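Engineer: Sequence:
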Amino acid sequence: MIITHWTPKRSLMNFQNDSNLLFDYFNNFHSDAEKSECYFCPVVDIDEQDKHFSVYMELPGVKKIDINISIKDNILTIAGEKKTGEESNSKNYHRSERIFGKFKRSFSLDELVDRDNISAEFENGMLNITIPKVKETKPKQLAIKIK
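Under our numbering, the first residue of the sequence shown is numbered 660, with each subsequent residue one higher.
These are computed hints drawn from the structure, not numbers from a lab.
Do not take every clue at face value.
[Claimed, not checked] List of simulated lysine-lysine pairs, DSS-like, C-alpha gap at most 30 angstroms: (1) K792 / K731; (2) K792 / K722; (3) K731 / K741; (4) K742 / K723; (5) K742 / K731; (6) K710 / K792; (7) K763 / K723; (8) K750 / K723; (9) K741 / K723.
Just so it is clear, the structure is predicted and the values come from calculations on it, not from any experiment.
Given these sequences and hints, build the entire structure.
Structural biologist: Shown next as structure tokens:
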């Protein structure tokens, strides 16, 4: 008989993680652009400042060359791949918890953003996208003469 150490807290956390994945899948089933289906889904923070929006995405272990950022039909898409190392195929793992694979996250953009001046930086596994807002223009008022 093999004796294994059982930790109730770890079992509950594993159950919670599995449940969260299941609920996330069904909650986003009808979502158009909020979160795309992927096994490796990097976490994202989005904040708004006076003159711009900032998107922060954690991408540890991903190389800059493996990241693609695009905009189409007012949707910002961040896609890429976290690749396994060559050495990992030759090892005889007893346990492997690292996650690899392709990812794709999409977000609807506000109409009032300056798409031509979006910039991105990638350093130490953190992607930072800055999305400037367009300057608000006051509506032009025209007087219309009645004939």
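Engineer: Starting from the hint list further up, note which numbers the structure goes against and sort them upward.
Structural biologist: none
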